[in-house]
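Going down the list, the sequences are from chains A and B.
Mind the numbering: the first sequence is residues 1 to 120 in this note's numbering, read in order.
Mind the numbering: the second sequence is residues 1001 to 1110 in this note's numbering, read in order.
Derived from the structure by calculation, the hints contain no laboratory data.
Ideal placement from N, C-alpha and C gives every residue a C-beta, glycine not left out.
Careful: at least some of the hints might be erroneous.
Claimed, not checked - Below, in silico cross-link-like pairs of lysine to aspartate or glutamate (EDC-like), each with a Cα-Cα straight-line distance of 16 Å or less:
#1 A:66 to A:91
#2 B:1106 to B:1084
#3 A:45 to B:1087
#4 A:45 to B:1007
#5 A:66 to A:48
#6 B:1106 to B:1062
Said to hold, decoys possible - Pair ranges (Cβ atoms, derived):
#7 A:83 to B:1017: 40 to 46 Å
#8 A:74 to B:1096: 21 to 27 Å
#9 A:74 to B:1081: 38 to 44 Å
#10 B:1083 to A:26: 23 to 29 Å
#11 A:90 to B:1005: 19 to 25 Å
#12 A:85 to B:1052: 31 to 37 Å
#13 A:75 to B:1069: 39 to 45 Å
#14 B:1059 to A:44: 25 to 31 Å
#15 A:66 to B:1017: 38 to 44 Å
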Amino acid sequence: QLQLQESGPGLVKPSETLSLTCTVSGGSISSSSYYWGWIRQPPGKGLEWIGSIYYSGSTYYSPSLKSRVTISVDTSKNQFSLKLSSVTAADTAVYYCAQMGVGATNFDYWGQGTLVTVSS
Amino acid sequence: QTVVTQEPSFSVSPGGTVTLTCGLSSGSVSTGYYPSWYQQTPGQAPRTLIYSTNTRSSGVPDRFSGSILGNKAALTITGAQADDESDYYCVLYMGSGTVVFGGGTKLTVL
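With these hints in hand, go ahead and build the complete structure from the sequences.
Written out as structure tokens, the structure reads:
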């Protein structure tokens, strides 16, 4: 059974860079079939797609976040990572990583999520 | 920017049938948008229910079904149960590797 686990600081200061890692177990991140994505959910609000990456490093980003987001992959560690720069309180959210289906059209397996709070 | 629309809330009686929809602020939803559906209860990660319009994810009971109804994607729950009370989100594939979530529907079973 595929499992995903987010990790990283739970508190980030305004204007700094949020960094999270998703560790994949029970399967290979280098599988040619799947993309890997990041999604977030501000407290009490809906889900928002942040971006996706293929094991080769090819990325897609949400247009609204593109200028601040970088997603990377480390196949040797079976991990992929998210960096979001110049954060504000509006970036406070639960951040989820997920495996995406073929063609990156949907999400299959989800991590449990991690809350990141932006505050000084 | 295209907005994906969902009913903010819906209610259904236990044992009843409910259809939630997923539309576009401009245009019609077709299978080419690969609509997918997710269930989320408070404090939990989303659970994948349906992908590619009408394919159930592994372990999802056949009470949940997906379709295209008119110009929208639809999620139908038949024989609603108390633990179906959740938030439901749709996702549409917009092409060029991008997806968009709908705003979600809060379903009450009462």
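Checked hints:
With a C-alpha separation of about 14 Å, the suggested pair residue 66 (chain A) and residue 91 (chain A) falls inside the 16 Å cut-off, and the hint holds. Between the alpha carbons of residue 1106 (chain B) and residue 1084 (chain B) the distance comes to roughly 10 Å, so the proposed pair stays at or under 16 Å and holds. Under the criterion of a C-alpha separation no larger than 16 Å, the hint pairing residue 45 (chain A) with residue 1087 (chain B) is consistent with the structure, at around 11 Å. A threshold of 16 Å between alpha carbons decides the hint, and for residue 45 (chain A) with residue 1007 (chain B) the separation of about 15 Å falls inside it, so the pair holds.
Our distance criterion of 16 Å between C-alpha atoms is met by residue 66 (chain A) and residue 48 (chain A), whose separation comes to about 13 Å. Restraint check: the Cα-Cα separation between residue 1106 (chain B) and residue 1062 (chain B) comes to about 21 Å, which exceeds 16 Å; the hinted pair is violated. Look at residue 83 (chain A) against residue 1017 (chain B): about 45 Å separates their beta carbons, and that is inside 40 to 46 Å. Our hint of 21 to 27 Å for residue 74 (chain A) and residue 1096 (chain B) holds, since their Cβ atoms are close to 25 Å apart.
For the hinted restraint 38 to 44 Å between residue 74 (chain A) and residue 1081 (chain B), the CB-CB distance of approximately 42 Å keeps it satisfied. In this structure the supplied range 23 to 29 Å holds for residue 1083 (chain B) paired with residue 26 (chain A), their Cβ-Cβ distance being about 26 Å. Hint check: residue 90 (chain A) to residue 1005 (chain B), Cβ distance near 23 Å, so the stated range 19 to 25 Å holds. Judged by the Cβ atoms, the range 31 to 37 Å given for residue 85 (chain A) and residue 1052 (chain B) holds: they are separated by roughly 34 Å.
Taking 39 to 45 Å as the suggested C-beta distance range, the pair residue 75 (chain A) and residue 1069 (chain B) conforms, at roughly 42 Å. Take residue 1059 (chain B) and residue 44 (chain A): their Cβ atoms lie about 28 Å apart, and the range 25 to 31 Å holds. The hinted window of 38 to 44 Å between residue 66 (chain A) and residue 1017 (chain B) holds, with their beta carbons roughly 41 Å apart.
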